[in-house]
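Engineer: Okay, here's what each chain looks like letter by letter:
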Amino acid sequence: MAKIERTQKLFLKSLKEKFRGQDVESETAEFYKFGGVRQSPRKMEFMKASRAIEMDRGLAMYDPERCHLGGIPMGQRQLMTYEVSGTGVFVEGDDLHFVNNSAMQQFWDDIRRTVIVGMDLAHQTLQKRLGKEVTPETINEYLHILNHAMPGAAVVQEHMVETHPGLVDDCYVKVFTGDDDVADDIEPQFLLDIEKLFPAKQAEELKAEVGKGMYQAIHIPTAVSRTCDGGTTSRWSAMQIGMSFIAAYRMCAGEAAVADLSYAAKHAGVVQMASLLPARRARGPNEPGGIKFGLFSDIIQANRKYPHDPAKASLEVVGAGVMLFDQIWLGSYMSGGVGFTQYATAAYTDNILDEYTYYGMDYIKDRYNVDWRNPSVDDKVSPTQEIVNDLATEVTLNAMEQYEQFPTLMEDHFGGSQRAGVIAAACGLTSSIATGNSNAGLNGWYLSMLLHKDGWSRLGFFGYDLQDQCGSANSLSMEPDRGLMGELRGPNYPNYAMNVGHQGEYAAIVGGAHYGRGDAFCYSPLVKVCFADPALKFDFAEPRREFAKGAIREFMPAGERSLIIPAR
Amino acid sequence: MAYKPQYGPGTSIVAENRRKQMNPGQKLEKVRSVTDEDIVLILGHRAPGSAYPTAHPPLAEQQEPECPMRRIVKPTEGAKAGDRVRYIQFADSMFVAPSQPYQRTYSEMYRFRGIDPGTLSGRQIVECRERDLEKYAKELVETEMFDPARVGIRGATVHGHSLRLAEDGMMFDMLQRCLLDEDGIVKYIKNQIGEPLDRAVAVGKPMDEKWLKAHTTIFHSLAGTSYRDDAEYIEYVQRIHSLRTKYGFMPKEE
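Top to bottom, those sequences are chains A and B. Taking my numbering as reference, the numbering of the first sequence is continuous, increasing by one, and the terminal residue is 568. Taking my numbering as reference, the numbering of the second sequence is continuous, increasing by one, and the terminal residue is 254.
There may be inaccurate statements among the hints.
[What the hints assert, rightly or not] Derived pair list, reagent style BS3-like, types lysine-lysine, alpha-carbon separation capped at 30 Å:
no., chain 1, residue 1, chain 2, residue 2
1, B, Lys-213, A, Lys-9
2, A, Lys-3, B, Lys-187
3, A, Lys-365, B, Lys-246
4, B, Lys-246, A, Lys-3
5, B, Lys-205, A, Lys-33
6, A, Lys-16, B, Lys-213
7, A, Lys-3, B, Lys-210
8, A, Lys-201, A, Lys-305
9, A, Lys-380, B, Lys-246
10, A, Lys-33, A, Lys-48
11, B, Lys-187, A, Lys-33
Treat the hints as calculated values from the structure; they're not laboratory data.
For reference, chain B alone in the conformation it holds in the complex:
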């Protein structure tokens, strides 16, 4: 019987949202448009329009050894071209931001190829070949996995995920890479590493509380859905723990 991913347990809206983000069979809702050039500006790895710097010659020009793995695993476009490995890093507010660190990693692993994600409490980084990164970044920013106010694109000094929100609803960022403008649109004035941009990059209006609560993937008893209320989820974690305790990492059904 072929393995069929279940994308996690739970009966709550949080659990349902998690499954939706992870499941590559479900199309993520596009919420905003950000141009390719603007994505490149926020990333800050290369100037828009410039050639992709390379770490090695294109694979087609290299003497690739005969290798069964190479036949099975087709290279991504970035790998084919020999692009550098670069990154995008997100900080997600615990005040019901739409995605959260482990959720991002799980979703990216299901949806993208050739990636190396890293998961921490206050940030989540994904590294991959540069042209692949730009494609993935666009999807991560334009869809329901992003909110301009509660999600930050931050290469360094990510502090803010657990802090109270600023009075305008923005997540704290000591570098203030993006600001809520008077027109109600969030604009990046610095790239993700904090270098000033020549022009502001608009990433859209913050989503409202109702939308955030309906789309978030974090349990939160004050701002969203209480973890305690999803009994199935808790029981599932307890079960995994119990089986690992008794049987190590070769669990048996009881």
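Bound-form chain A, shown alone:
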């Protein structure tokens, strides 16, 4: 390890804006004079809204000046704003809670309501068992019918209820294939064109992996998956697929071959976004705890848009990952609290993790000649213990020194878990991008945690620290506990299932290994193509920008209900 020069501090602009008029390197500050919660426009808005609600319903609600610590409201120090990293957009912390942010809700809605269903099994049933002809024309006709049926419309039955298109306008089906000739025959409105959506090198790789098969990227209505759950997605889609095949190919609704189509759509040919969790988690498929980290890194599309910046691509995965896994999965599904947002946002606000990660990029370029701006397998360094130790040590020490040199930076990340997650993430990303090995990245994470804990004699909280003190033994060498490669791990991996500030970063570490190699995908080429769709409500190439739009109330989500409720 050896400190390298890096004059650019990506977090400085944020600090100067947050602590306007103050010396960001000063060790002292004024406190107890800010007027408590009244310093925050958003808290004031909350109080005003609550007064109106109380008048309306006759029942007490938000009252921080009475209920917080017996009359001492928060805000005895400065309540900070936050810049969503990489966007230049400053927001109130409250705006990054998923309840207050429609983009965050839509991010998860768009994943939960998605399945991919192969068409080849169904086509074989139609052709071989029923002797039907399957041609580009019949496929296009089927897709017309399916896009009528998938939102909730009837195709075979008489006298049926149907859904209002204005309520389910986010629901549709497109197809993709690696076969250019077949793709040419599909109506453009239904096609996810790999050639056009991806950079040439990635497109070639993806087409080769997808092959000649054809896959349906299915997004059921947001309103349906919200009312039901992730397990509904494959069932809802399979029902409409079955009915559409019956209609398109003039099948008998009750003939036995329909069972083959159903089986293919519900089981044999379906790719869920998340696997079923053990019974003790009480969650079906397509719920956050079952998303493999490799698959999650394929959902995020930043490496498609920014193929020459694996650090940025990884940082977008961090932002998306901590929002889903910390704020929604652990924070609400698993714990039921509201505090997780404060932990999670540290990883995607104020360009702090960005600065630490780009320091790591400078280091691997300076020390190991890794041309990270031109991702390639050719210049990756060996994932040896010695190299991982060197990378993680230097990035950890630099980050700790930044916190020490800029007391406002430390004040920004005022919780140990925030700092620990951010420092270790920078180490993990540096190690994985440099080596192209996700487990080397995870190992760098764990060394960082040990170094951090010993340097400052603190880390996170009880359980947080447990996970990180076990991790050396289940990362770079998987032998001690017969562990998994990072791509196949997920939020429910042993020891990973309990702590904020880890899972999103782990997913990004996995992604970084592939982005650093210039790979088109990390785990599933099908998922990569599916979420490249520009018609999705949420832009998966820019999750942090989308979250910022949600925070400033400029994001338009799906799940419209104004059509069926009284006008305000």
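Fit chain B to the supplied structure of chain A, relying on the hints for placement.
Structural biologist: This is chain B only, laid out in the frame that chain A set:
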């Protein structure tokens, strides 16, 4: 060969201070005096002079089963009496406060009996029988492990360890349980949970920067000793990590 604790690696003053705090063979330097009654007031668990509330009858009055562990492990005074388990919790500023969360836990585990410490980033709690707690608390407050300005005794709402200091040098505490008085002495006006006290409790003058830098157990490149400069310490952590990576929790020498 009998195991001889080494109390951690490192060549820096920080490492040396850590070893000193941990090593029960080294007497901690007494820096200030706080009366027993004042400790009880800050803790806030019982009124000074009142009887210790109990969780069970004294052990001598109970029918203790025959048990080899009970013969080996002698109860503390609090356990003998059946005291409740209560706590003291500290928040330690990262601006070179003399002790820090893990350091506190390690030191207490070496020095005290019958304790249940909990270690977090912004606070460290130790729980034990009430009369034992008062004895331990007195040692923790009166010695070099405490500084009136950079260490807070805080049961709840501990926020402050990582914040800039107030202009008078005090660590931020939104409840302002203690204040730096005009006479230069820090006084607790609320107990650790934030309930107002009937009278202020003095815990002494803040230590100066020179003393803090010489006694701290945290590395800090701006305010104290840089972690990077203690190469032995870093090498030791890397070694532990490497051995755990390769061999799990049954490490072998390479």
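Engineer: Against the structure shown, which of the earlier numbered hints fail to hold, in ascending order?
Structural biologist: Violated hint: only 2; rest satisfied.
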